[in-house]
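Since chain A is already given, all that's left is putting chain B with the ligands on it; use the hints.
First to last, the protein sequences are chains A and B.
For the first sequence, this note's numbering gives the first residue as 1192, with consecutive numbering after it.
For the second sequence, this note's numbering gives the first residue as 21, with consecutive numbering after it.
Calculated from the structure, these hints are not laboratory results.
Using N, Cα and C, we set each Cβ at its ideal position, and we do this for glycine too.
No incorrect hints appear here.
Where chain A lies over chain B, by a calculated footprint (3+ residues, C-beta under 8 Å):
#, stretch
1, 28-36
2, 50-61
List time: in silico DSS-like cross-link candidates among lysine-lysine, alpha-carbon distance up to 25 Å:
#, chain 1, residue 1, chain 2, residue 2
3, A, Lys-1850, B, Lys-268
4, B, Lys-270, B, Lys-281
5, A, Lys-1648, B, Lys-36
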Amino acid sequence: MQPGYFPANVLFILIFVAANAFFLFTAYKLYRILRLGKPEDRFDRTSERIKSVVTFVLGQRRVIREPAGWGHFFIFWGFVIITIGSIETFGVGIYHGFAYWKFLGKGLTNVLYLLQDLFCTAVVVALCVALYRRFVVKPERLRYEDQKATNQDACIIIGLILVLILLLFGARAAEYLLAQGEANRYFPRLAFVSVAFSRLFAGLTKEGLQAWYSICWWGHTVVILGFLIYIPFSKHLHLLGAIPNVFFRRLGSVGELSKMDLEDETAETYGISTIEEFTWKQLLDLYACTECGRCSDNCPATLTGKPLSPKLTIHHLKEHLQAKGKMLLAQQGAAEAASVNPEGELVKALIGDICQHDELWSCTTCGNCMEHCPVFIEHVDKYVDMRRYLVLMESNFSPEVQNVMRNWETNSNPWGLGFATRGDWAEGLPVKTLAEDSQVEYLYYVGCAGSFDERAKKISSALVTLLNEAGVSFGILGAEEKCCGETARRLGNEYLFQSMATELVEIINSYGVKKIITACPHGYNSLKNEYPQFGAKWEVYHHSEFLATLLRDGQLQPQQTMNKNLVFHDSCYLGRYNDLYEEPRTLLKSIRGLKLSEMERSRNKSFCCGAGGGRMWMEETLGDQKINDARTDQALKLEPDIIGVCCPFCTTMFEDGLKTCDMDEEVKVYDIAEILAETVTSEKE
Amino acid sequence: MNIVVLVKQVPDTETKIKIGADGKSIETSEIKWVMNPYDEYAVEAALRLQDSVGASVTILSMGPERTVESIRTALAMGADTGVLVDDPATEGSDGLGKAKVLAAALKSLEFDLVFCGHRAVDSDENQVGIMVAELAGIPHLGLAVSAEVTDGKVKVQRPIEGAKVTMEAILPALVTFGGAHAVWNPRYASLPGIMKAKKKPLETKTLADLGLSADEVGAQAAKVSVTAMEMPQERQPGRKLEGDTVEKAKELTRLLHEEAKVI
Ligand code: SF4
Ligand code: SF4
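Only chain A is shown next, with the shape it has when bound in the complex (with noise of 0.2 Å):
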């Protein structure tokens, strides 16, 4: 069976037609499997998109942050050089005479040709560290339930590309002998790989190596269409989910929730409760997965031993919606509703089966997850969008969250102290409240822990210092200002949150406020980033940019020494939700003799102290360590005397932190501004 020639190109020509068809069967099954998803809107910022596929997709530039990364590389580019070579060798398969160097001249083949060798070596070194990590080093991150059966979805994979490669060698080496002495072929001489691979050859006859290139090329053609066909039923999905994920991800600020409607009358149902009420994008994500698990390996949840690991969150989803999806769509076809059984995924319910309870409320929605997904994946919105339906539709939370929800209700804040006394902090400092001075051109905005919370009522005192040492206009809302419902959003109640926010909105554009400065980075990224849904439109700062630009005008000037070795700790809504790592650091290099020592998990691989997402309001009985408690402990390590912070919250868990292990004398936790305003000696003085 020569390739190219009758009845062979016939024979390859079917094989050829039925895999492709098969493939685009199954593709157009995953498409409409998606389409049963909510509708959502990525379709704006085209050119932005597209450059994100050539960065991250092309360039594999998330992939490679890590070590691993770069056999993906190489593996990546490789199917792409091989998938070129393909087209040639499936010509072949149609008319023996099809050859590359007949179109692109002898001089480029070349190219090509030694260019393939070249990825295809690379591949062959790559698969082979990843058996060795997969088997050999076994990381954490590689582990999911079902051992087995990912592992053999490896195995048959690297199996297959190994094989498809070897093939390919096999039949160039072939090929090379045979085109040698002939006028009318040509073999390009580059391809050194391949005319290394002759030497197996050696000595055989014409017809010999006529067969055994046959061989190799029917070999390496049925194994590329069986990968082909292959693709869809594994992991490898992501080669089909990947590249659109990326295409269409989040372009705006990091886990911004979406903005429910709340008049709408119609609604039946509130947050999502079965997989087909997520948005087609939401699903997109799950077919992207390549179970790298990246997000498991940075999460604080996982770390810590809770009930939760991302990785599997978006296992489970995806293959809820691969059994559940194709059953919903023989429903729709009548004809096929026969065959479908009631029992089974159908009556899986995705809050319970699917997803537990303890997971959904295990995430701090630190975002590490998301930082870290090579191929963006957005988990965060998922877990908010079930808790939504928790809270709003079945008031399925702990009685913590219950009472914690009564007390902004009340009072707009967690604490449920009485709102009126909410400006008390500020009494006998010189602030004035926008309701006494409107002409000041900033808002203070103080947020729920600077204004009730003893220890962060120090951080408002301080920053208040600071800010009248810079000659700054500014004022606060002092009792009437409000929660800026950040958490109980993330909580999922959406309702309380949309009303907070409207009341604040109200409230600071009735002062015809345009400028906002806040020492709480959760309200920071909520005023910023997600009060524009409300019709806000303010410029909102964080103290340590706003510190930070004061500093570089020469506005503040530290003058005393402070020799303290300090750690950094990274606040999540600060670096990862706004791109603010420099800042906070700027200011603390500014201040002599500080030093200033990073934790092996900083900047955007930094380790969430265990507030966020409402956790700061629950309590944390799962799992084998707290997390503000591992998070102190790695602070611990670098031996410091101060743990510098940028957020209350993380001053309340790296405090507790503290206590827990008895270093509370030993070690202080103290806010950046804290920290200036010691050594910033105001000249009156």
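For chain B with the ligands alone, coordinates are given in the frame of chain A:
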């Protein structure tokens, strides 16, 4: 089965209370009003019976217009209808006056059970529920922490020193509820509940509608009245003693002797 729950709107316990200019009442301008927590337990108890035996639950309250908010809260939790007696002539009523109004309003309602908190956390008089039972001529069970209905009887449990008693009464009856938030964990209204509550029937009545005249209730008819209010003394901040244990002990004895004069 019909249950009427008596609900009072009171200042939130965290509200900063200021005494009014007359020295006998509180300033109401900066107050956050909420449903009396014990009444909320009564609502929860009624809704549990709604779930288990299919009772229909009516909320009855008296007070100015703002009281509607607390009734709506109970409707959002799941109660079926609401009645508010809103008449300026009721202002200044003592416990008995309020009980008269509520008992009169009860007459126009069908009920097998009347539930309410054993006291309201504002004036803490522990009277109205019992008086309503008396005026309506029905038995009263006090300080319940559970309520069940079987065979035309209501059975409740009440904690007593170190034990619990179980009591029952023939319907119709009035039960006042005690316990604490952790005992009852009153349900948190769901969003559909809140939406539906906006459309549930809520009737407003005046004294005339109830067949009462203004001089039977309100300040003139009150037999009990508040004569003065004063704020508790501000607590002195705590003091931390410095030094080693011996020094601290010495200083402590000195303070207890000289300042506190207790030893
Ligand atoms: S947001 Fe943080 S806590 Fe939640 S799943 Fe992702 S990494 Fe884990
Ligand atoms: S969600 Fe992203 S990071 Fe997590 S396993 Fe899948 S591809 Fe990897």
